[in-house]
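Mind docking chains U and S on chain G? Use the hints.
Chain by chain, the residues:
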Amino acid sequence: MLARRRAASISLLIAGIALAASPLRAQKSAEPPLHKVVFQVSDADPQKWNLALNNARNLQDDLGAEATDLEIVVYGPGIGMLKSDSPVAKRVADALKSGVKVVACENTMRNQKLGAPDMLPSIGYVAAGVVELMKKQQQGYAYIRP
Amino acid sequence: MLARRRAASISLLIAGIALAASPLRAQKSAEPPLHKVVFQVSDADPQKWNLALNNARNLQDDLGAEATDLEIVVYGPGIGMLKSDSPVAKRVADALKSGVKVVACENTMRNQKLGAPDMLPSIGYVAAGVVELMKKQQQGYAYIRP
Amino acid sequence: MLARRRAASISLLIAGIALAASPLRAQKSAEPPLHKVVFQVSDADPQKWNLALNNARNLQDDLGAEATDLEIVVYGPGIGMLKSDSPVAKRVADALKSGVKVVACENTMRNQKLGAPDMLPSIGYVAAGVVELMKKQQQGYAYIRP
Numbered sequence: 016m017l018a019r020r021r022a023a024s025i026s027l028l029i030a031g032i033a034l035a036a037s038p039l040r041a042q043k044s045a046e047p048p049l050h051k052v053v054f055q056v057s058d059a060d061p062q063k064w065n066l067a068l069n070n071a072r073n074l075q076d077d078l079g080a081e082a083t084d085l086e087i088v089v090y091g092p093g094i095g096m097l098k099s100d101s102p103v104a105k106r107v108a109d110a111l112k113s114g115v116k117v118v119a120c121e122n123t124m125r126n127q128k129l130g131a132p133d134m135l136p137s138i139g140y141v142a143a144g145v146v147e148l149m150k151k152q153q154q155g156y157a158y159i160r161p
Numbered sequence: 016m017l018a019r020r021r022a023a024s025i026s027l028l029i030a031g032i033a034l035a036a037s038p039l040r041a042q043k044s045a046e047p048p049l050h051k052v053v054f055q056v057s058d059a060d061p062q063k064w065n066l067a068l069n070n071a072r073n074l075q076d077d078l079g080a081e082a083t084d085l086e087i088v089v090y091g092p093g094i095g096m097l098k099s100d101s102p103v104a105k106r107v108a109d110a111l112k113s114g115v116k117v118v119a120c121e122n123t124m125r126n127q128k129l130g131a132p133d134m135l136p137s138i139g140y141v142a143a144g145v146v147e148l149m150k151k152q153q154q155g156y157a158y159i160r161p
Numbered sequence: 016m017l018a019r020r021r022a023a024s025i026s027l028l029i030a031g032i033a034l035a036a037s038p039l040r041a042q043k044s045a046e047p048p049l050h051k052v053v054f055q056v057s058d059a060d061p062q063k064w065n066l067a068l069n070n071a072r073n074l075q076d077d078l079g080a081e082a083t084d085l086e087i088v089v090y091g092p093g094i095g096m097l098k099s100d101s102p103v104a105k106r107v108a109d110a111l112k113s114g115v116k117v118v119a120c121e122n123t124m125r126n127q128k129l130g131a132p133d134m135l136p137s138i139g140y141v142a143a144g145v146v147e148l149m150k151k152q153q154q155g156y157a158y159i160r161p
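Chains as they are written, first to last, in our numbering: chain G, 16 to 161; chain U, 16 to 161; chain S, 16 to 161.
Some hints here could point you the wrong way.
Remember, identical chains collapse to one label, so a pair may be satisfied in a single copy or spanning two.
Straight-line distance between alpha carbons at most 30 Å, and here's what the computed BS3-like set of lysine-lysine pairs gives [to be verified]:
1. Lys150 with Lys51
2. Lys112 with Lys51
3. Lys112 with Lys98
4. Lys128 with Lys98
5. Lys150 with Lys112
No lab work stands behind these hints: they were computed from the structure.
As the structure is a computational prediction, the values presented were derived from the model and not from experiment.
Just chain G, with the same shape it has in the complex (with noise of 0.2 Å):
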């Protein structure tokens, strides 16, 4: 009688570690090896633009670019380095293939009338840059402002 109290004493304290354990387990699997970074460029300074494909580039060279999740979010006076006469088109361009993702901010383009004819090809878009930031954070992402 006794022993057997004590083996269902023991499954239940294992059912207890494993419930315990769980949420770890679970935040590991939807998290694999990922290293996800979000970027800003908020700066009108090709240099800062230069840098921030640097870092996004040393991070794919020391992680492996299908172990990193990176976005540059550009907005404000940043946005030159996403029109289509970009002095850093071609390393822009280089990024996106690599699988960076490069997004331009909405609002900034409504602000200074541009368009999407007006922007590089292939980048993609979102409604307001400040919001995307807040959100890769809120979704566990680094962030880096070079």
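For chains U and S alone, coordinates are given in the frame of chain G:
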């Protein structure tokens, strides 16, 4: 006998699930649908001050003022944003009215021999801007440095 | 019989509470009252270097050096802060003495043909500054970009 033990075992399992789940529920009720963002203003550059104020307004426009908890922390060379002769005085007043918290760093004020009478009315104060920025991030605020 | 089962049930409940609470306790013991902050220095601007060093000192003054874990990551155009002819050499030495960790990015050093003999003594090195900044945020450090 066995049936009763199974019942007991199930009730304990349910208690276990409730216990394991409770930290999550507690977290949810402490952070409703609130989007929390802390902005750093530490440059002596009115364009950056305007960008910080634009960012706060865009967050409110996009998510609703009542669903956002926004704080602008001003320190170091950025302190001019909150002096009574600030070129963005009117915009700071509007931000305060809309529910944005705006705080000045008292360390910076002491270093620059500034007192509350030198500053815009209705702003808040913190002992150290950098400590405030750290604490807010610890409390789950996203960090934006315009 | 019933009394004994109730006793068993209560002891399992207590075990359940302990198990459910343990992740929190583990977290607390791994992160005592420690306030963790990582600073990014990536501008070629001595005023920013001074601001980063001021920020670190203010955090120590406010919270106590023993309660803070501070790291300054220097990369890109900011690397001059840690060269042997740095205008803030004395202040960097003071920061190191007070327990602040200061690290230079080896990627940047390679690009600028710099070796350890070109740098300030006692600083640390990381393979890639941006990876370090990401990892520290993943480990719960607040991020400050002066």
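Hint check:
| no. | hint | verdict |
| --- | --- | --- |
| 1 | Lys150 with Lys51 | both (13 Å within a copy, 10 Å between copies) |
| 2 | Lys112 with Lys51 | within (18 Å within a copy, 34 Å between copies) |
| 3 | Lys112 with Lys98 | within (18 Å within a copy, 36 Å between copies) |
| 4 | Lys128 with Lys98 | within (12 Å within a copy, 33 Å between copies) |
| 5 | Lys150 with Lys112 | both (24 Å within a copy, 25 Å between copies) |
Taken one by one, the earlier hints all hold for this structure without exception.
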